[in-house]
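Please model the entire structure based on the sequences and the hints provided.
All the letters of the sequence shown, read from the start, carry residue numbers 1 to 173 under this note's numbering.
Check the hints yourself; a few may be wrong.
[Said to hold, decoys possible] In silico SDA-like cross-links for lysine to any residue, where the CA-CA straight-line distance does not exceed 20 Å: (1) 9 / 74; (2) 9 / 95; (3) 9 / 145; (4) 107 / 30; (5) 168 / 95; (6) 107 / 43; (7) 168 / 141; (8) 9 / 164; (9) 107 / 168; (10) 107 / 34; (11) 9 / 156; (12) 27 / 3; (13) 27 / 66; (14) 57 / 47; (15) 27 / 49; (16) 57 / 71; (17) 27 / 67; (18) 31 / 15; (19) 57 / 20; (20) 57 / 95; (21) 107 / 147; (22) 168 / 114; (23) 27 / 7; (24) 31 / 16; (25) 9 / 40; (26) 31 / 57; (27) 168 / 34; (28) 57 / 24; (29) 27 / 47; (30) 27 / 2; (31) 57 / 120; (32) 57 / 82; (33) 27 / 38; (34) 168 / 5; (35) 57 / 83.
[As the list claims (entries may be wrong)] Label-pair ranges, simulated between beta-carbon atoms: (36) 155 / 101: 40 to 50 Å; (37) 99 / 14: 36 to 46 Å; (38) 38 / 157: 20 to 30 Å.
By construction, these hints were calculated from the structure, which means they are not laboratory data. Yeah, the Cβ is synthetic: ideal placement off N, Cα and C, and Gly gets one too.
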Amino acid sequence: MYGTASPGKHDAIRSFGVDHPIDYRGKDVVKEVRRIAGEQRPLDLALDAVGGRSFRKSFSLLRAGGRLVCFGASEIQSGERRNPLRALRTLAEMPRPNVVRLMSQSKSVIGLNMLALWDSKQSLDEYIEPLSGWLEQGDIRPVVAQRFPLDQGPAAHRYLHERRNVGKVVLEP
1 MYGTASPGKH DAIRSFGVDH PIDYRGKDVV KEVRRIAGEQ RPLDLALDAV
51 GGRSFRKSFS LLRAGGRLVC FGASEIQSGE RRNPLRALRT LAEMPRPNVV
101 RLMSQSKSVI GLNMLALWDS KQSLDEYIEP LSGWLEQGDI RPVVAQRFPL
151 DQGPAAHRYL HERRNVGKVV LEP
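Written as structure tokens, this is what we have:
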């Protein structure tokens, strides 16, 4: 399993099961995955929360039958303020699915937006319920990086924007 993170988080992602941590800031992720795997298209599954050009790069690593799950666009925002020009550039760089190409390469691209799922059903229970058994059995173990009292919401946001977390940040009442 490959995972991207800054070098300071490599030990943490190894503890989550990542065999090959890659410094996404200092290395070309596509070249590094291909070097380690020894093949051009080694991935069955790519989970991409970065967006923009990253979706295209992740797609290029898929073998026939591979799936790319796009579930975020962190590339849109850098720092605490939104940058509309950066957002437009990131959106412009996102690949547009070509169904004929997907069929000919036997690959899948899946978009995931939890807000859209919520809007369609007014509940996420249908999606969360299967996870509860795994959680109870210890098959999945959510990682909480930091807990903040609710009145320290701005500090929690700074913590996230500074990318200091490895895991979830929780606001508690």
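Hints versus structure:
1. For the given pair, residue 9 sits about 17 Å from residue 74 by alpha-carbon distance, which is consistent with the 20 Å threshold.
2. Taken as a hint, the residue 9 and residue 95 pair is broken in the structure, with Cα atoms around 29 Å apart against an allowance of 20 Å.
3. Taken as a hint, the residue 9 and residue 145 pair is honoured in the structure, with Cα atoms around 12 Å apart against an allowance of 20 Å.
4. The straight-line distance between the Cα atoms of residue 107 and residue 30 is roughly 17 Å, inside the 20 Å bound, and the hint therefore holds.
5. Restraint check for residue 168 and residue 95: not satisfied, since their Cα atoms lie roughly 29 Å apart, outside the 20 Å limit.
6. For the hint pairing residue 107 with residue 43, the CA-to-CA distance comes to about 11 Å; that is within 20 Å, so the pair holds.
7. For the proposed pair residue 168 and residue 141, the alpha carbon gap of about 12 Å is at most 20 Å, so the pair holds.
8. Using a Cα cut-off of 20 Å, the hinted pair residue 9 and residue 164 holds, with the two alpha carbons roughly 9 Å apart.
9. For the hint linking residue 107 to residue 168, the alpha-carbon distance of about 31 Å lies beyond 20 Å, and the restraint is violated.
10. With a CA separation close to 18 Å, the supplied pair residue 107 and residue 34 stays within the 20 Å bound.
11. Between residue 9 and residue 156 the alpha-carbon distance is near 19 Å, which keeps this suggested pair within the 20 Å criterion.
12. The suggested pairing of residue 27 with residue 3 holds, with an alpha-carbon distance near 13 Å, which does not exceed 20 Å.
13. With a C-alpha separation of about 23 Å, the suggested pairing of residue 27 with residue 66 is violated against the 20 Å cut-off.
14. Distance check on the hinted pair: residue 57 and residue 47 sit about 12 Å apart at the alpha-carbon level, within 20 Å; holds.
15. For the given pair, residue 27 sits about 18 Å from residue 49 by alpha-carbon distance, which is consistent with the 20 Å threshold.
16. With a CA separation close to 15 Å, the supplied pair residue 57 and residue 71 stays within the 20 Å bound.
17. Among the hinted pairs, residue 27 with residue 67 is inconsistent with the structure: their alpha-carbon atoms are about 23 Å apart, more than 20 Å.
18. Between residue 31 and residue 15, the direct Cα distance comes to roughly 24 Å. Violation of the 20 Å bound is thereby established for this hinted pair.
19. With a C-alpha separation of about 17 Å, the suggested pairing of residue 57 with residue 20 holds against the 20 Å cut-off.
20. Pair hint residue 57 plus residue 95 holds up; C-alpha atoms about 10 Å apart against a cutoff of 20 Å.
21. Annotation: proposed proximity of residue 107 to residue 147 is violated, straight-line Cα distance about 39 Å (limit 20 Å).
22. Annotation: proposed proximity of residue 168 to residue 114 holds, straight-line Cα distance about 16 Å (limit 20 Å).
23. Of the supplied pair hints, the one linking residue 27 and residue 7 holds, its CA atoms being roughly 11 Å apart against a limit of 20 Å.
24. Distance hint between residue 31 and residue 16 is unfulfilled; the C-alpha atoms sit about 23 Å from each other, more than 20 Å.
25. Taking the CA atoms of residue 9 and residue 40, the gap is near 27 Å; set against the 20 Å cutoff, the hint is violated.
26. Taking the CA atoms of residue 31 and residue 57, the gap is near 10 Å; set against the 20 Å cutoff, the hint holds.
27. Between residue 168 and residue 34 the CA atoms are separated by roughly 30 Å; this puts the pair beyond 20 Å, and the hint is violated.
28. Between residue 57 and residue 24 the alpha-carbon distance is near 12 Å, which keeps this suggested pair within the 20 Å criterion.
29. Under the criterion of a C-alpha separation no larger than 20 Å, the hint pairing residue 27 with residue 47 is consistent with the structure, at around 18 Å.
30. With a C-alpha separation of about 13 Å, the suggested pairing of residue 27 with residue 2 holds against the 20 Å cut-off.
31. Note on residue 57 and residue 120: the hinted pairing is violated, with a Cα-Cα distance of about 31 Å set against a maximum of 20 Å.
32. Taking the CA atoms of residue 57 and residue 82, the gap is near 24 Å; set against the 20 Å cutoff, the hint is violated.
33. Taking the CA atoms of residue 27 and residue 38, the gap is about 17 Å. The hint holds against a cut of 20 Å.
34. Taken as a hint, the residue 168 and residue 5 pair is honoured in the structure, with Cα atoms around 15 Å apart against an allowance of 20 Å.
35. Using a Cα cut-off of 20 Å, the hinted pair residue 57 and residue 83 is violated, with the two alpha carbons roughly 23 Å apart.
36. Between residue 155 and residue 101 the C-beta distance comes to about 45 Å, which sits within the given range of 40 to 50 Å.
37. Between residue 99 and residue 14 the C-beta distance comes to about 38 Å, which sits within the given range of 36 to 46 Å.
38. Residue 38 and residue 157 have their C-beta atoms about 42 Å apart, which leaves the hinted 20 to 30 Å range violated.
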